[in-house]
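Novice: Please work from the sequences and hints to get the whole structure.
If you want the building blocks of each chain, they are given just below.
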Amino acid sequence: MWLAAILATLPLILLLFHLLREGASSIDLAFFTRLPKPVGEAGGGMAHAIVGTLILVGIAGAIGLPVGIGAGLYLAEQRGARLATSVRFLSDVLNGMPSIVMGIFAWHFLVRPVGHFSALAGGIALGAMMIPLVTRATEEMVRIVPTALREAALALGYPHWRTSVSIVLRTALPGIVTAALVAIARIAGETAPLLFTAFGNAWWSVRVDQPIAALPLQIYEYAKSPYDDWHRLAWAAALVLIGLVLIISLLARFVTRSRHGGVGD
Amino acid sequence: MTDRPATLTPPPVVKNDSRAATAARARISVRNLDARFGANRAVRDVSIDFPDGQVTAIIGPSGCGKSTLLRCLNRMHETVPTARVSGEVLLDGRDLYARGVNPIEVRRHIGMVFQRPTPFPTMSIRDNVAAGLRASSRDRPSRRREGEIVEESLRTAGLWDEVHERLKDSATALSGGQQQRLCIARAMATRPSVILLDEPTASLDPLSTQKVEELVHQLRGSVTVIIVTHNMQQAARVSDRTAFMLLGELVETAPTPEMFTTPSDPRTEAYITGRFG
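So the protein sequences, as listed, match chains F and H.
First residue of the first sequence? That's 0 in numbering that gives the first Met the number 0, and the numbers climb one at a time after it.
First residue of the second sequence? That's 0 in numbering that gives the first Met the number 0, and the numbers climb one at a time after it.
Hints are computed from structural coordinates only; laboratory data are not their basis.
The reader is advised that the hints may include incorrect statements.
If we take Cβ atoms under 7 Å as the criterion, some of the chain H residues that face chain F in the derived model are [said to hold, decoys possible]:
no., residue
1, Met-75
2, Thr-78
3, Ile-103
4, Arg-106
5, Arg-107
6, Met-111
7, Phe-113
8, Arg-115
9, Pro-120
10, Thr-121
11, Ala-130
12, Gly-131
13, Ala-134
Being a predicted model, the structure only gives us computed values, none of them experimental.
Backbone N, C-alpha and C define an ideal beta-carbon position, used for all residues, glycine too.
Specialist: As C-alpha cells, this is what we get:
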C-alpha cells in the first residue's frame with residue numbers, strides 16, 4: 000500500500016525534476032518581458048503568451064464563475080426540483096466532455112461566423128469548461144452549510160435572497176473560492192480548446208477580438224518545431240505554466256485558512 | 000380577515016410584572032390552527048392564548064407537534080417544502096396569516112432561538128447581535144445607535160461582561176452556552192414583542208442551561224416568552240403557564256403550578272408522572 004502511495008506521487012516528482020533540469024536554464028528576466036526572437040537568434044521570451052494566458056483565464060473566469068456559482072446555489076437550494084435534477088445531470092455530462100470537442104464547438108459558433116480566430120472565442124470555450132466544475136463544487140459547499148443557519152437568518156427577518164447570499168453563500172465562500180481557483184488552475188493549462196479558437200499569436204496582442212498567444216499553445220508550437228533552442232523555450236514555458244498553476248493552488252490553500260472561515264476548510 | 004395592513008407595528012411593551020395578573024390579555028391568540036407536512040397533520044385544531052409578558056411552556060413527548068406549533072407563530076413552518084397552515088394566529092388581534100401580511104415582516108417582530116446555537120460563523124460577535132438590525136436596508140440604525148443596541152442586548156443576555164473585550168472576534172470562538180445566549184441577544188436586538196424558544200437548552204450543559212433559564216426569568220414581564228421543552232422540570236421552573244400537547248392536539252393549558260399538581264386531563268397526569276413519553 001505504501002508503495003502505491005509513493006508511486007502515486009512519482010509522476011509529479013519526475014516531472015518537476017525533469018522540467019527544472021530542462022527548463023530552468025532558459026528562464027531569465029527576458030523570458031517574462033520579451034517577445035520571441037526569430038529562429039536562430041538567441042534570447043527572446045514569452046511575455047505575449049504569459050499575458051495571453053492571463054487574459055484568456057480572465058475571460059473564462061468572468062463567464063464561468065458567476066454562472067457556475069449561481070447555478071450551484073440553485074442546485075443546492077432546489078435540491079429536488081425537476082429543473083435542478085436535469086441541470087445536475089447535464090452539468091456532469093458537460094464536465095466529462097473532451098476538451099477538444101469544446102474547442103470544435105466554440106470554433107463552429109464563435110470563430111466560423113466571424114471569420115477569424117479570437118481571444119474571446121478561446122476564453123468562452125475555457126469558461127464553458129469551468130462552469131460545470133464550479134457549479135458542482137459550489138453545490139457541494141452550499142449543501143454542507145447547516146440548515147439551522149439558514150433558518151436562523153430567516154427567523155431574523157432576512158428575505159430569502161439575502162439569506163442565500165449574505166448567510167449561506169458567505170458561509171460557504173472559502174470552499175467556493177478554493178473550488179474556483181482549482182477550476183482556474185485546471186483550465187489554465189488547457190490546450191485543445193484553444194487550438195482553433197484563440198489559435199496563438201507570434202506577436203504581441205492584447206485585443207480580445209484577435210488571435211492571442213497562450214502558454215499551452217506556445218509549448219505545443221515550440222515542442223513540435225525542429226529547433227533545439229525552441230525546445231528549450233518550450234521546457235521553460237512548461238515550467239512557468241506549472242509554476243502559475245502551483246501559485247494558484249497555494250493561493251487556494253491560503254484562502255481556506257483565512258480567519259472567520261466558514262465551512263469547507 | 001381580508002385586506003389587513005401589511006405592516007405590523009409593535010405596540011408599546013408593557014413593563015410590569017404581569018405574573019400576578021392571571022387575566023392578562025393575550026399577546027398571541029391561536030385559533031383552530033392546523034399545520035401539515037404533506038399528508039401528515041402535525042398540529043390538529045389547536046386554539047390557545049399566550050398572555051402578554053408571561054412565559055408559556057409547551058411540553059409533550061417527541062413528535063407531538065410542539066415545535067411545529069411554535070414555528071407557525073412566526074411563519075417559519077411554511078419555509079419547509081410541502082408545509083401547509085390553516086387557521087388563525089392573532090398577534091395583538093391581527094391575523095399573521097391574513098392576505099397581504101409579509102412573513103418577513105412578521106419574523107422581525109417575533110424573535111426565535113433554536114435548539115442548537117446558530118451564530119453566523121462568518122460574523123464577529125458584534126455583527127451577529129446586529130444581524131437582525133441589518134436585515135432590512137430600511138430603518139437601519141446609525142453605527143453608533145447600533146453599538147448601543149448591541150451592548151444593551153448583550154447586557155440583557157448576561158453576556159456583556161464575558162465578551163465586551165472581544166466583540167470583533169468570531170462568534171464561533173464562544174462556548175456552546177455563550178453562543179446560545181448570543182443568539183438570544185441577537186433575537187432581542189430588534190426589540191420583538193414575542194420571543195420563541197425551541198428547546199433552547201437541549202444541547203447545553205447544566206450550568207449553561209441554568210444561565211439560559213435565569214435569562215428567561217429576566218425577560219418575563221418585558222416580552223412574551225413561549226418556550227418549547229421536553230424537560231418538565233424546566234417547564235416547572237421557568238414558566239407561568241404550561242400547555243401540554245399530544246399527537247398534534249393541545250390536551251390542556253393551565254397555570255404551571257396547577258398543571259403539575261392537579262392536572263385536569265388523565266393524559267396530562269400520565270405524562271407528568273412519567274408513565275409515558
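Novice: Now tell me if each hint is right for this structure.
Specialist: Status of the hints after comparison with the structure:
Against a cut-off of 7 Å between C-beta atoms, the interface hint on Met-75/H holds, since the closest Cβ of chain F lies about 6 Å away. At about 6 Å, the closest approach between the beta carbon of Thr-78/H and any beta carbon in chain F falls short of 7 Å, and the interface hint on this residue holds. Because the beta carbon of Ile-103/H sits about 5 Å from the nearest beta carbon in chain F, less than 7 Å, this interface hint is met. Annotation: interface hint on Arg-106/H holds; nearest CB of chain F at approximately 4 Å, less than 7 Å.
Here the hint on Arg-107/H is kept, as its CB sits about 3 Å from the closest CB of chain F, short of 7 Å. At about 4 Å, the closest approach between the beta carbon of Met-111/H and any beta carbon in chain F falls short of 7 Å, and the interface hint on this residue holds. Below 7 Å, beta-carbon pairs count as interface contacts, and Phe-113/H has one with chain F at about 6 Å; its hint therefore holds. The criterion of a C-beta within 7 Å of any C-beta in chain F is met by Arg-115/H, whose closest approach is roughly 6 Å, and the hint holds.
Because the beta carbon of Pro-120/H sits about 5 Å from the nearest beta carbon in chain F, less than 7 Å, this interface hint is met. Hint on Thr-121/H holds. Least Cβ distance to chain F is approximately 5 Å, under the 7 Å limit. Hint on Ala-130/H holds. Least Cβ distance to chain F is approximately 6 Å, under the 7 Å limit. Against a cut-off of 7 Å between C-beta atoms, the interface hint on Gly-131/H holds, since the closest Cβ of chain F lies about 4 Å away.
Evaluation of the Ala-134/H hint against chain F yields a held restraint, the C-beta minimum of about 5 Å falling below 7 Å.
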